[in-house]
Every structure is written in C-alpha cells, then in structure tokens.
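*Asks:* Listed here are the chains, written in short residue letters.
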Amino acid sequence: MKRLFIVAIVAILVASMAPVHSQGGVTFNVGMQDEPKTMNPFQAQDVWDWNVLTYFYEGLVTYRPIDFKIVPNVALEVPEVSSDKLEYTVKLRNDATWSDGKPLTAHDYALFGNMVKEFQIGRYLSSWEFVDTVEALDDYTLHFVLSECRVTFIEGTLMSLPIPSHIWEPKLAEFRAAESPTKALQEYQPVEPGEMVSCGPLIFMEWQRGSYVKCKKNPDYFDFGRTHVYDDGTQLVHGPYYDYIVYRIYDTTDAAILGLKKGEIDYIWWAIQPGYVSDLLADPNVTVTNNPENGMRYMAFNCAREPFSDVAFRQAVATLVDRDFIQERVLQNYGEALYSVVPPGNRQWYNTEVTKWGYGKPMTDRVLEAVDILKQTGNYSWDVEPTVEEGAVVPGEGIKYKGEYIKPFVILTPPADYDPLRAMSGMLIQEWLKQIGLPVAAQPTAFGTIVQKAMGERDYDMFVLGWSLTIYPDYLRDFFHSSQIMEYGYNIPQYSNPEFDRLADDLVTCGPREEKIQAAFKLQEYLANEVPYIPLFAPAAVEAYRNDHFSGWFDQLDGIADSIMYVKPVAAPEETPAAEEEEEEGGGTCLGTLFVALAVIGGSAFYLKRRN
Amino acid sequence: MSMQKYIVKRVVQIFLTLIIIMTIMFILFRMMPGDPTAFMLDTRMTPEHKAIIRAQFGLDKPIWYQYLLYLKNFFRGNFGRSFYYARPVYDLVMEKLPATLLLWTGSYVISYSLGITLGKIIAWRRGGKLEFGSTLFGLFFYCMPIFWVGLIMLWIFSYKFGLFPLGGLKGPDVWSDPTSSIWLKALDVLHHVALPLSVLTLAFFAGSMLVMRTSMLETLREDYIMTARAKGLPEKTIRDRHAARNAMLPVVTAFAIAVAGSVGGGVLTETTFSYPGLGKLIVDATLTFDYPLAQASFLFIALMVLVANLVADILYAYLDPRIVY
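Residue numbers (this note's numbering), protein chains in the order written: chain D, 3 to 614; chain H, 207 to 531.
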C-alpha cells in the first residue's frame, strides 16, 4: 500500500513537470463577471452574452466609437429616411464573407428579420414589428417595406445582425415542426466551431463552461484597417491586433482585480466600485478610467396617488433632493448629478437648459423654497411649519394636504448589497423630506419586488431604480407616454400629458435629425417641470486595464470597452507580457501541483511517523 | 429486517421526502415577490413583447396548472427549461454537478478523514501541545467567515506566490492546447480545485475533530478498554480498533447533519473561487427568479443530503455490529 502511494505521488510529480504548450501568438485576456448563457443570437439577452457575440456579427450600419455617429458598415451608405417614405433599398458591400468562406449576403439579413417576426422573438420585435416585408432582391440588395417609418429603422432594424443562412436555413423545418417552434429555436445551442461562423473580427474557438471562452482573430474580416478620423485629429484604426482573445470568468471583483494586478487579464469588463480605485492606482501597470455611463438612477412618484399626483408636491420634493451632495458624498465624484432624464454624457441629445430644482443651494434655502412651492398652491398646511433659525432647519410637523394629514409613505430602494449607491441615496432623501415634516421611510426592497410592485401591481408611493439607456432617446416616449400606462407598461409613474404624448410620438417617427433634437429638448423640459421622475445621478463607468500589455485605449460614453478592437500590443508578439504570463501560468501548474504533492507527502510522513 | 430490505424502505422514504420537498419549493418560489421577466427589462421591449415571453415560459398559466405540469414533467424525468438559460434544466444541472461533487465530496472525505484521525490522536494524548495547537487551528478556521478565508488564500497563494489560479476549473493554456494529454488536463483540474478544496476542508475539519475527540475521551473510560489493556493488547490496537471505531458513531451522525448545514459554505466557496458548480447556479437561479432551475438545483442538493443520511445509517451497522436493521 505504501509503495503504491509513493508511486502515485511520484507519477503526479513527473506528470506535473510536463511543460504546458501555449499556442503561439498574442492573446488579449478579458475578465468577465459571468459567462455567456448561450451562443444562440435568438436567445442571447444579457451583457455577458453580447460581450462575446457582438464580435461575430456585423450590422448594416453601426455607431462609430467615441461620437456615436451612424456610419455605414456592411451597407454601402446610410439611407436617408422620412416619415412619408415607406420603402427602402439598401445596397451591401460585396467583399464581406463568413469565416467558413461563404459570402455574407442580403439573404442573411433578410433571414434574421423574417425569423424574428415568424418566431416572435420578443427582444427584437420592437425593431421589426413596423417592417412589413424584408427581402433580398439579389445577393447584395435588400428591400424593406415599412408600415410606418420609425427612427428605430436606422438605429434598430439596420443595426440588426445577419445570421448565416447556409447554416440556419436547413434547420428551419426542424424548428417549425416542433411542438413549440420558438422554444425549439431558442433551445438550439450552437457550440461547435463549425456551427459558429462569424462575419465579424473574431471567430469562436471554444467554450469551457464556467471557466473561459476563447476566440481567435478572423483573418478575412472585411473591416480590418478601417480608419475613423475625428474633428480633433484623432484616428482610430480597426483591429484586432492580437491573435486570440480569452474571456476569463471571475465571479467577484476581488478576484478580477487580483487577476489584473497579477497580469492574468488585461482588462476587467465591468464597472468596478470606487472603493477599489486607490488600491489599483498604487499599481503603476494598471490604469483606472472614469467615464459617464449612458444610464440613469432616478426616483419615481406614483402620480396616480395623492399627494404624489400634485405637481407642486413633486417639485418641492425635487427641490429638497440635493443631487450635488449625492454626487460628492455618495458617488465620491464617480458619476454625475442628473437634472434631466437624458444624461449629460449623451451630448447630442442632452438639454442643458432644463429647470434644476434647488441647484447649488444649501439645505436651509431648499427647505424654504420647498415650503414656498407647497404654500403657493393653498393645499398644504402644517401643525408646526418648518423654519430656519440661526442657520439651521427646524423641521416641520403635522403636514396636511387638503386639510388631511399626509399618511406615512415609503420610498422603495434596492438593498445595499444590490446597489449601495441607490440604497444610500434613498436614506438621504428620506432625511431631507423629513425636514419639511413629510412622514416618509426609505425601505430597502429586493430588486425583483420593486419591479413587480412598480410595473406589475402599481402598488407603491415612490421608488428608486435605474435604467441603462440607448443613444437615441426614444425612451422618453416609452417611459412617459400615456399609452404605456398598463400592466408592465414602461410609464411606471403613470404620467399623462397630451401635449407631451404628441411630441413624444413625433420623436419616434422618421424625420430630420434637427427636428428630433428639438423635440427631445422640449420633452426634457416638460419632464423637468412636471417631475414624474427625479433623475438622481448617472453613475460612472469606472474601469481598469493593464497599460504595460496593450495601448491605444480611448474613453467614451459607457466606458472603454469599444477599445478592445483598436488596442495594440505594447511589445512585439514574441516578447509580449501576455505570452510571458502564459509561460508563467504553465509554471504555476507545476509549482501548484508540486506544492499539493509536497503537502500530501509531508502530511503522510508525519502521520506515519506518529503512527509508528 | 435485513439490510437490503432496510435500504429499499429508506429509498421509498427518500422518494416521498423528495416529493414533499418539491411541493414546498414550488410554493416557496411562487410566494417570492418578484417577476422572472424583470431581468429581461429592455427599454425597447414593449409590454406586449414581454407578454409573449411570459407565455413562452408558461407563466401566463394558473399556478395549479403549473404545479401539475411540474409534477408530471418530474415523473417523466423532465425538469423543465431554464427561463434564463433557455436550456433544459437537467442538462444545466448535470453540467455543474460533477464539479460540485468533486469539490464537496472531496472536502467531506478529506476533512472527516483528517478530523477523525486528529481527534483520535489528540484524545489519546490528551493535554499535549498537539491537542492545543490543532484545536486552536481548527477553531480559528471554523469560526472565520468562509469567504474571508477564501479571499485571503487567493491573495497569498494565487496572487503573492502565484501557485494556484484565481478561479475557474479549467485553464485555457492546457484545455485549448490540442497536444495536452488527459493526464495534464486532470492535473489542471486538480490545480484549480486545490484552493477551494483546502478552504472547505479547513472550514469543516474542526467540527469532526472535536466531536471525535470528545467521543473518544468518553469511550476511553469504558470498561472494555480497561479489559483490552488487561489482556495486554498493543496500545495502537486498543486505540484504533477498540476505542476509535466505537467513538466514530457520533461523528457519523454529525456528518449526516453537517452535509445539510455545509451547503451554504459550499455555495460561498464556489462564488469566492469562481468555481463553476451547482452553488453558483443556485445563487444565480434564485436571484433571477429562474423557478425551474432553482427548484431542480435545490432538489439535487436535497437528494445529496438524503443520500448522505442513508449512507450514515448504513455506516452505523458497519461500525457497530450491535445495530441491526
């Protein structure tokens, strides 16, 4: 038995000394907090799916980095749209191919659109429901007939992905014959490299579930070397400039940060909490970036309940909410205070001139102003009216609305473990509202529960949540149009204003850009004045990357992730630190196993000695 | 009753218990406030589109209908389809189960072997430095939060010394290299599992060591130990065959209970080490209201606990010949 044991240990040791053969070439390593759930674009839904899939497919048009200008991609040009024009013909470039050598054609785009409509793929329908027909007139000409022209034709339909018709078309009969065709389509899991062809810059190689996804550079990518030139002289030349990309999975930020500092990864692809920044900045090989997110954290009112239905009440609350304090103390300046529903980072669409309730004022002035707003309506009174004495607020007591005491009400906030920023903001707002005697309590509540209460049951007073937003602000219509006041509709505050509805309808129909911008500005003014939402802050995308491995990172709205296709190795491929890391890791396997083996041998020796 | 009949009886009991657990889980998950489609919120997805998705998942059906469907599918071996992954739940669980079995079973085996051996030795040499040191060492790790121990281990052994990877179960350098042998791949898995396994082992071994020590001390006071000594049997034989074997019965009981209690530790360890096991799947499924996946994951863990209890019962009979079923 003892001999067998010793032989086994020796075998493990010998095997562990075998060198690990890293594949040659430059590898770009990305840390992700979760793995993709699927490689099927009809099922893909979350950011982790799309972080990988996005490099396999190319839309007809796309946003170029940094300024998000719409530029042609596979289409030869961006079509001119107008609300009375319902038929569009789009010409495609003829040099794009799939990674298996088959040409990328108009049939691939038409098939995707027709499958979305046939199989009712919910997450894409909004881009396709107004498209009556889409067909390929020939290999490189697409023809669309629309029932109405919406702005999402350009910024949704034409940005949709193609799917390789030579792979998917033969499977259609199988999906259609299934008891539930949609289910059959979405359950299809293409994971073999042969099933996963790409027309984008990367080609899928392998997916070890729970550990990593590996892709390689597409040598036939049609857009390699494309140069974007900007007004300030900046030039971006499309890559990729590495041979492989490995998406490694780290469930926790702590582990990912250790991975970055150790050199195991080159970039952490998710926003990190500001608390980690000082530790990261201490490492000269790590750079931390701080960009605005195209997102909004807000507090919403239930406009169907009193007193929240009263515009003056909402304005008074907006006056009390010190958003600059939240930015400085809660966000520690990693984020921006918001006064409009469109974040300032979305420069083209952000209206700087909206009403900024209480902006720049101390709390004493805010309280007096809020009291003044309420008193002007004649509907509010107090047992003890809030005042300011010797530079301090004396809180009000017994506030009444139309002669009746305002009943205690609740602000639902996500719990601190889900989002400490929103939880803390809710607590601060509670304290500020108490200054004028409002009987309010902030109540941390599970995210799903808030969504159910707010969107499903409409059973809430106020809540704090957030949205990730699109570049084109058609969400102004979704969030506040009266047609969205329904179960699971997006007009959660149940705000209704016919003039707003008319302008919001204009915003989503095709037309000149300038007109749309003016409509968006006007809509923001309505919202700032009538305050169905109080926009609180736009969080910052705080990200980190290694500056000694790759260079050429650039900042933009939502962070630096778009740099992935443009960064270049700092050193020559054969000397790159990435390659050295691979070797180190190979050594790590030997060392680690040696360590385990030594521990086992030592423990056994100790045990045997004691036993004898 | 023979052992075979006893096992058959217990298997029937396990099956009935599972049905009850399934029902309770079904009710509990539906009672949870929240909506499974809340995690598919997209500003461009209209309420009608969301309703389509709800219908595709069967969430538009009445609760009683969903329950009957759930039971019917279970008896057909169909655990449903994950809302979040859109894949059969059985496939997802089976994909993660081996990693969890490797980690959890490995840590039970090592921690109980270590605990029983050390407990036996420190009871035999009561009052020595070994007893003091191992008790202090064991209690320290027993009391420390498991995720904190995990992070410290990661920092020391992975980051500072570079001995182990920071997470996962498979390294791309080995697994994506076509020349890697099966042995090298196995070593790579061992390399990845070593740290989480060590953390779980450190967290678990103190309990079994202390139970064994206490039980052993009581056993050593029994008359038959004195008889064995009077017969002139070697000390090692008395310790291992006469005392330790009888002293192990409470440890086996503690093991059966600990399996249920240690699930939380396993889940935390898997999360800390980004270990792709059932633990992380459960957390994700619960947070995203993925009812079918969460139910099936809990069911498999319940099954593991019930089987561990059955194994403990069978071990009783092996350890103590007086126990007859």
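Because the hints were derived from the structure by calculation, they are not lab data. Do not take every clue at face value.
Unchecked claim - Across the chosen pairs, the derived CB separations fall in these ranges: (1) D/Val390 - H/Ala466: 45 to 51 Å; (2) D/Val49 - H/Lys267: 56 to 62 Å; (3) H/Arg282 - D/Val73: 48 to 54 Å; (4) H/Asp297 - D/Glu489: 31 to 37 Å.
As the list claims (entries may be wrong) - Here are the simulated lysine to any residue pairs, SDA-like style, with alpha carbons at most 25 Å apart: (5) H/Lys391 - D/Arg211; (6) D/Lys39 - D/Ser129; (7) H/Lys267 - D/Gly450; (8) D/Lys358 - D/Pro286; (9) H/Lys267 - D/Pro183; (10) D/Lys71 - D/Ser182; (11) D/Lys264 - H/Leu493; (12) D/Lys455 - H/Leu308; (13) H/Lys391 - D/Glu208; (14) H/Lys366 - D/Pro286; (15) D/Lys104 - D/Gly227; (16) H/Lys267 - D/Ser182; (17) D/Lys71 - D/Tyr568; (18) D/Lys93 - D/Pro514; (19) D/Lys219 - D/Asp102; (20) H/Lys366 - D/Asp281.
By construction, the Cβ of each residue, glycine as well, lies at the ideal position given by its N, Cα and C atoms.
*Asks:* Look at each hint and say if it fits the structure.
*Replies:* Tested hints:
| no. | hint | in the structure |
| --- | --- | --- |
| 1 | D/Val390 - H/Ala466: 45 to 51 Å | violated, 60 Å |
| 2 | D/Val49 - H/Lys267: 56 to 62 Å | violated, 30 Å |
| 3 | H/Arg282 - D/Val73: 48 to 54 Å | holds, 53 Å |
| 4 | H/Asp297 - D/Glu489: 31 to 37 Å | holds, 33 Å |
| 5 | H/Lys391 - D/Arg211 | holds, 15 Å |
| 6 | D/Lys39 - D/Ser129 | holds, 23 Å |
| 7 | H/Lys267 - D/Gly450 | holds, 20 Å |
| 8 | D/Lys358 - D/Pro286 | violated, 41 Å |
| 9 | H/Lys267 - D/Pro183 | holds, 19 Å |
| 10 | D/Lys71 - D/Ser182 | violated, 40 Å |
| 11 | D/Lys264 - H/Leu493 | violated, 31 Å |
| 12 | D/Lys455 - H/Leu308 | violated, 42 Å |
| 13 | H/Lys391 - D/Glu208 | holds, 15 Å |
| 14 | H/Lys366 - D/Pro286 | holds, 17 Å |
| 15 | D/Lys104 - D/Gly227 | holds, 21 Å |
| 16 | H/Lys267 - D/Ser182 | holds, 16 Å |
| 17 | D/Lys71 - D/Tyr568 | holds, 17 Å |
| 18 | D/Lys93 - D/Pro514 | holds, 22 Å |
| 19 | D/Lys219 - D/Asp102 | holds, 13 Å |
| 20 | H/Lys366 - D/Asp281 | holds, 15 Å |
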